[in-house]
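Visitor: Working from the sequences, and respecting the hints, build out all of it.
Protein chains in written order, with my numbering: chain V, 1 to 366; chain R, 1 to 366.
Since the hints were made in silico from the structure, they are not lab data.
Take these hints with a grain of salt, some might be off.
Unchecked claim - The following residues of chain V were derived to be distant from chain R, with all beta-carbon distances above 12 Å:
#1 Ile167
#2 Asp350
#3 Pro360
Said to hold, decoys possible - Computed footprint of chain R on chain V, listed as stretches where at least three residues anywhere in the stretch have a Cβ under 8 Å from a Cβ of chain R:
#4 32-46
#5 107-116
#6 150-157
#7 182-190
#8 196-209
We put the CB at the ideal spot given by N, CA and C, even for glycine.
There are 2 protein chains.
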Amino acid sequence: MSSGDAWGTHALRMRRVRDRLHESRLDALLVGHLPNIRWLSGFTGSSAFLLVEPGSATLVTDFRYRTQVDEELADGISVTIAESDLFGAVARCLEDGGTGPRVGFEDHHLTIRDRRALGEACGAVMWEPAGRIVGDLRSAKDDEEIEAISRAVRVAETALSEVEAQISEGVSESELAAELVYRLRLAGSASMPFDPIVASGPRSALPHAQPSERRMRVGDLLLLDFGARVDAYCSDMTRMFVLGPPAEWQVEIYSVVREAVRRATEAAAPGIAARDVDRAARTVIADAGFGERFGHGTGHGVGIEVHEQPSVNARSRETLQAGNVVTIEPAVYLPGRGGVRLENMVVIGDAGATVLNRFPLDLKQL
Amino acid sequence: MSSGDAWGTHALRMRRVRDRLHESRLDALLVGHLPNIRWLSGFTGSSAFLLVEPGSATLVTDFRYRTQVDEELADGISVTIAESDLFGAVARCLEDGGTGPRVGFEDHHLTIRDRRALGEACGAVMWEPAGRIVGDLRSAKDDEEIEAISRAVRVAETALSEVEAQISEGVSESELAAELVYRLRLAGSASMPFDPIVASGPRSALPHAQPSERRMRVGDLLLLDFGARVDAYCSDMTRMFVLGPPAEWQVEIYSVVREAVRRATEAAAPGIAARDVDRAARTVIADAGFGERFGHGTGHGVGIEVHEQPSVNARSRETLQAGNVVTIEPAVYLPGRGGVRLENMVVIGDAGATVLNRFPLDLKQL
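Guide: Structure below.
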């Protein structure tokens, strides 16, 4: 996103952060989490702080981004290139700005060591943990963000369609992963939101398997969990294939997981507790006798980060709201045999959840 | 690395951590930084704590890794699968272990919020910031690690040789990035240590450019900065190409940067301050009149992480020691025109620095 077309967007986001600061009686907020900085300013570099004050905003970064920052930064945000460390530069910004003493920091992201360095550099500041001010705001996406996420879903599905032809006996997980990443990049994914999971046969029962040299055999389940990144925004999807006719147990767990996806999707709507969406999926799986075989959450928010708010699991305390984009990804894992996970992305609208995926959810026999 | 062949290695590393704990009068160390956990235990998952006590070690993780952890974990380390959050499970381990009250934590990595959650979950513990105990130990590599890093260098250079043939007029940065990642994966890189930087023409003056749709033109400099990951260990290298005969200014800055690489490599040896290696490179560049055009550090350690200890820059307080593996990557950036960065990896041995790269350092005209 260039500063030009997104000026209004960034200014609006900044205003909403300032409203929250006002409500929290904070004089300023120091943002250090890079996805939050990107959302507020457009900056894509790997080292920065963004200081948001009532009447100004300053990005503090280092030499490496001196040129890049001018291209990327939204209007109305000043830049300071730190001479040595960022902490000292933040301290000078705070002094120069004449801001009040109560400065919020992102306690979910700042390390103990950086907190100490900030304390030492900025003697007069009263630092206050500010929780997830920016993360909360980011969880409800605007139309432009949903459009970018939808494009990331399209890119992922285009790549999957192309790779599907290469799934055959003898091909290895790591070869399929290489093909998938190649197709994702050529289809428009600037980088990978995460390393694809390609898990075949019994390895499909490992929820976070890394692609191995194992080669596909007839009778194997194949799990592909991957995503694309387009204009900063991620997608995340999982589909299953089977080489040759599926066994009865494969069809059974597939049907259970697919029904869990359906029920969770039906349950998702604004005002619904995220944990109730999780329960909708979990109940289907438990009723089928596989409750012990689905140990992770049903989903998570997706945006600039591939895992962000809201969480959709049994411990989640968040309530879904319009604009949330979350995954629905129930699973059944049978250790030593194989597993099935299916993952869609949905956007929460006023009328309920709309599935962003178009790639069929059938168990595809190859 | 499977637990089988590396048992001795992991046991040795664990013993060295325990020696440090003893010196620091700590009763235990809670390791949360995943690369540190991997180095100590072999575990590759994305969510865990490793509790190191004098007579035992326990990995706390979640359901997703129940099966995987058995394959990966070094002998002698117990596993706890957390029912809900990891903090509660850590608290129970500490209670069950009957360990003393002084438990070190990794203040460079633990967030303020997680520190608070640990404090609440583990009432009786006196938490002590333990600095970089594991990171310090990791910075001196053993032969097995240097061998893995060397293989990661080979994989990167194999991929580069294959991609070189595709550098021609009209090809875009993002296409070259896709080819590079594809070749890296097929050559044996299980994942990317970082997204490759592919920067052509004036964009080569952006130290951290992301591949764009810009297409190569005659007269362009092309900068490729990328790496591979093999058996957990990374490589990181930068090479330059020029399309057609180079301009005089291109040859000039290339020669300066290449001489800076040579001098810094000569300067690197055990017992030498890392900042003196940085100065060796910086002096060459400043003497040539480009001092203002090289604003980042000369290098960084590489291992399980692509950026780790020791830092090689003007503010570095570290002294090089045998076993360190660092990059040497001076640069000259001319905004609006182009830049040159060259990056090798060297291992510090008793007699000085040995360059791990074999790919020529010449400005390759295509």
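Visitor: Which earlier hints turn out false for this structure, listed by number in ascending order?
Guide: 6
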